[in-house]
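Undergrad: Given chain A, work out where chain B should sit, using these hints.
Line by line, the protein sequences give chains A and B.
Mapping the first sequence onto numbering that gives the first Met the number 0, position 322 (from 1) lands on 321, and the numbers just tick up by one.
Mapping the second sequence onto numbering that gives the first Met the number 0, position 132 (from 1) lands on 131, and the numbers just tick up by one.
Don't take each hint at face value.
Distance windows between CB atoms, simulated [unchecked claim]:
#  : chain 1 : residue 1 : chain 2 : residue 2 : range
1  : B       : 80        : A       : 110       : 53 to 59 angstroms
2  : A       : 276       : B       : 250       : 54 to 60 angstroms
3  : A       : 352       : B       : 332       : 27 to 33 angstroms
4  : B       : 14        : A       : 432       : 31 to 37 angstroms
5  : A       : 276       : B       : 112       : 56 to 62 angstroms
6  : A       : 382       : B       : 80        : 56 to 62 angstroms
7  : B       : 21        : A       : 352       : 46 to 52 angstroms
8  : B       : 80        : A       : 349       : 55 to 61 angstroms
9  : A       : 480       : B       : 101       : 48 to 54 angstroms
10 : B       : 43        : A       : 80        : 25 to 31 angstroms
11 : B       : 80        : A       : 313       : 51 to 57 angstroms
12 : A       : 80        : B       : 320       : 28 to 34 angstroms
Incomplete in silico selection of chain B near chain A, CB under 7 angstroms [as the list claims (entries may be wrong)]:
#  : residue
13 : 46
14 : 58
15 : 111
16 : 214
Keep in mind that the hints were calculated from the coordinates and are not lab data.
Model, not experiment: these values are computed from the prediction.
Ideal Cβ positions, reconstructed from N, Cα and C, are used throughout, including at glycine.
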Amino acid sequence: MAFSLVLCHLFMIVYTPQSNKMRADSDGMECHVLVIGSGGAGVRAAIEASAYGDVVLVSKTIVSKGGCTPMAEGGYNAVLREEDSCEIHFEDTMKGGAFLNDPELVKILVSESPQRMDDLILWGAVFDVTDDNKVAQRPFGGQRFPRTCYAGDRTGHEMMTTLVERLDGLPVDILTETTVIDLLKEGDRVVGAFALDDKGDSIVIKADSTILATGGGTRVFDISTNSASGTGDGYAIGYRAGAELIDMEMVQFHPTGAVFPYDARGRLVTEAVRSEGGILKNTLGERFMKQYDPERMELSTRDVVARAIATEINKGRGTKNGGVFLDVTHLPREQIEAKLPVMLEQFLKFGVDIRTEPMEVAPTAHHIMGGLRITPRGETTLPGLFACGEVAGGVHGANRLGGNALAETQVFGKRAGESAGRSEKRVRNVDLRQIEGQQERLSRFLNGSVNPATVARELQLAMWEGAGIFRNANDLRSTLAMVMHLPASDLKAVSARNLSECCTIQNMCLTASLICKSALLRPESRGAHVRTDICHAWDAQTSPFAHTYISHARQGIERRSHT
Amino acid sequence: MIRLSVHVFRFDPATDTSGRIVPYTVEVNGGARVLHVLHAIHDSIDQTLSYRYCCGSGQCGSCAVRVNGEPVLACMEEARDGMVIEPLKLAVKRDLVVDLMQNLDAIAFLAPRAELVFPAKDEIDAIKPLRSCIECLCCVSVCPAMDVTNFLGPAAMRQEMRLALDPRDSRDRITDSVKDGLFTCTSCQACWKVCPKDIEIPGKAIEKLRAFANKKGLTLPRHQEVAALVKETGRSVTRIEPTFLEQVGEVLEPYGTGAPKATMGFFVGCMYNMRLPKTALDAMEVLRRNGIHIIIPKEQVCCGSPLIRTGQLDILDALKRKNIETFRSRGLNTVMTMCAGCGSTLKNDYKNPPFTIMDINEVLTKYGIEPPAHLPIRATYHDPCHLLRGQGIREQPRQLIRQVVDLVEMPAICCGSGGGVKSGMPDEAAALGKRRGEEIQKTGADIVISSCPFCEFHIAGHTDKPVKNVASVLLEGYKEKDKKSVKN
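Only chain A is shown next, with the shape it has when bound in the complex (with noise of 0.2 angstroms):
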């Protein structure tokens, strides 16, 4: 009801390219909980927000088409079966986590995953199944079990499906193609926040509360797996807002992303080719994975195959096209077929018959372990914010296990759209002086001078010299001193409509200066973090250092003491 009023409206609007306006629409636009981001994170908050009131869910892009979980291949991490068990899923992920991962956030995901798939299941997902009508599980790297729940390799794309029908059927006002530029608060607390629709003009939306659901940022790095939509929009949105986040310098680098063709490098390669047998081979044929990790091969965790990837291409043992080979040819053409239909259909778009062709693949940026800091209840540091899915950190450490991600989703959307939903009905009130603010940073936009693109160019290159896979703190800096020094402030917006994209490299440009301080804030190499300058005595168990944290008000690194 009120979404067609909202389209009514943009007919009525005369559009002016040189200026945007508030949409006269805007000033009544109030809910009891907002939600910010329509990935699976996001629409699962909102299906579950809405049993408590009027919840609006803003989307940057069109539901079910943005975020990364649509894009998700791999699989879905519960437990099952009587033979696998919650303690073990928990030691799993805590020690692919570096033991970096906040324990009650971990036995949360691990104890109610599988309530999230049942959910899934009812609300009509289609995943594989085995012959005995149970949910079908493919063992994934660092899991002692194979745990993985999956449909084929297009398992995000089938609960997005699933998600967006549920959602479809529930009383949320959707906004699409609607930019979230910034929280607004009221003293400490959010109160609503301040978007631009897809012509450039400006919404007002109050909420009781606001949910941030926005998904990760790898897209800040030259060579990513990422959405057009993983800009890091919502650590930006929130740091501005005063949130506090942790281990921002958590980056997983994916062991193996497409080299080829180059203007699509970094498309992910799922972890699912390794999981139905696919070896690692650099160009001398070996079988390298053997010098690194000897017990779990290619089902290694994903810093140590990233590493190991690198290092042979570092040392001149990879492809002409950069990369290492990834080979199953061995494996029967139906099950490459059937388990891995995205892949084939990719590869042989790209020339590549990978029944009878070996791939080549080489790491990409794939997910920030880092973000808001949240309680098991989904709660930021800041009074009626929330966050769940990638935007949240604590989760996974150091190392994301594969599929823990899409886990993470459910486990926590679901949990942050609770708590949202529970909240207290409160009076809306919005400073106005954080309205004129927003507006003069868009006409500073309107009349700035550097096209945007170059900007995000440049970031993403100096990113991945700079804080990539390998880290040393005199890099770090120059990254940083480099971000910092980019014309952030000065992008030129061509018309109304490009606005959004002005302020989505400011906040690509603000995730990555987090990331380079707080990988320097880690005098540590711990799970994807590597820092080559340092060395230390400790492992990950007796790691003197717990998470880094950074907000407008302090930053640092947590100690924690080994009794």
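TA: Frame of chain A, contents of chain B only:
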């Protein structure tokens, strides 16, 4: 880096009354996709270019556009020099951005039962082929039925079938789908052929839903009459004049003294047998003149296509058995069809027949034809859906036609006669036929050539130009040639 010159559709609703095609030259890396060309234009030439994209890996369905007229995903399609990039044929919001919401909202969602019924493996296996849809709406943008009638469209039908197969769903999807226009689909296959995920919507959704509808007694009365006729006579049309099979012997020897180039059975089909026998006789003349030895078993029956397309499957297996046995017993390796619908059915719906099936256009181009006289006629060619998309035959008829007349092309769009629409939804068929007539008019051609009795019959009612079969035109070329040689 490579340099590409491309053309891109631009439209700004604030200032333009209609779109325009703008040329751009960009530099991209080797192997770049269409999307990367759009990025290059946006980043370095004109930031106002609007286009939608997200995942960049063919999984979200945001970036569908038309390249040289064909719907594709911009992120997966390799960029080519000279390509024309246009929006899907849906309401354009701006440049390459179209309105998707209306069609996305039309896609039904699962209504869970109170208690969970976990689907069994065979149910999951049945649903899976329909599940990989990324809702890019390429299919919707090419559906002819949606243009002229109330049809919710291929994407929505796929979903209704997916839900009909799911024990967790509580609604009656069959009745829903009938209300949503199930019987308006012409089986033209355009949706399937443009689907980036290769989902066979006509065969795996529409026809299956129609079969479910049949079990619920929802088959259209006119379709029921056809089924009753097939059951009674083995033929889908009634006899009104001497049939082709009544007019020919079982064996037709090639003319001339040389050894036959090939021997093959001929499957005539109901329409050429009983409505257009003259056309089939023309074809026999052309084949005999070109050295083909033809065996025509008289006990052949309807191929079953009218029943499959309308979901009436009770006697289908009996028809298939009868036809297979008829040709198998003659020891034939090859069976030739000239009806596009029969050919598509024999090739796609008969499981492993003990002989190869070839369309007449394939036969004539494979074995080669004696050049006919070139007639001073401009012709346009209508691609029959069941030939072009059902059998992948595009070039062969054109190759034949160009030898006898001048060919002017027109877009390959369904004429409206297929899928039981001509009998069951005559208004829709007429609306599509009218559009075909308009396209024919635009070409300025003197005649229309096709290679399907349904198309020929239907189009003839919607154009003042003569509608002829490929074989008949070839025969005219031979007659002209013979006339000239007599004079000489």
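Undergrad: Each of the hints needs a verdict: does it hold here or not?
TA: Against the structure, the hints come out as follows:
no.	hint	verdict
1	80/B with 110/A: 53 to 59 angstroms	holds, 57 angstroms
2	276/A with 250/B: 54 to 60 angstroms	holds, 57 angstroms
3	352/A with 332/B: 27 to 33 angstroms	holds, 31 angstroms
4	14/B with 432/A: 31 to 37 angstroms	holds, 35 angstroms
5	276/A with 112/B: 56 to 62 angstroms	violated, 38 angstroms
6	382/A with 80/B: 56 to 62 angstroms	holds, 57 angstroms
7	21/B with 352/A: 46 to 52 angstroms	violated, 37 angstroms
8	80/B with 349/A: 55 to 61 angstroms	violated, 19 angstroms
9	480/A with 101/B: 48 to 54 angstroms	holds, 50 angstroms
10	43/B with 80/A: 25 to 31 angstroms	violated, 54 angstroms
11	80/B with 313/A: 51 to 57 angstroms	violated, 36 angstroms
12	80/A with 320/B: 28 to 34 angstroms	violated, 47 angstroms
13	46	holds, 5 angstroms
14	58	holds, 5 angstroms
15	111	holds, 6 angstroms
16	214	violated, 23 angstroms
Against the hints set out earlier in the document, violations occur for numbers 5, 7, 8, 10, 11, 12 and 16.
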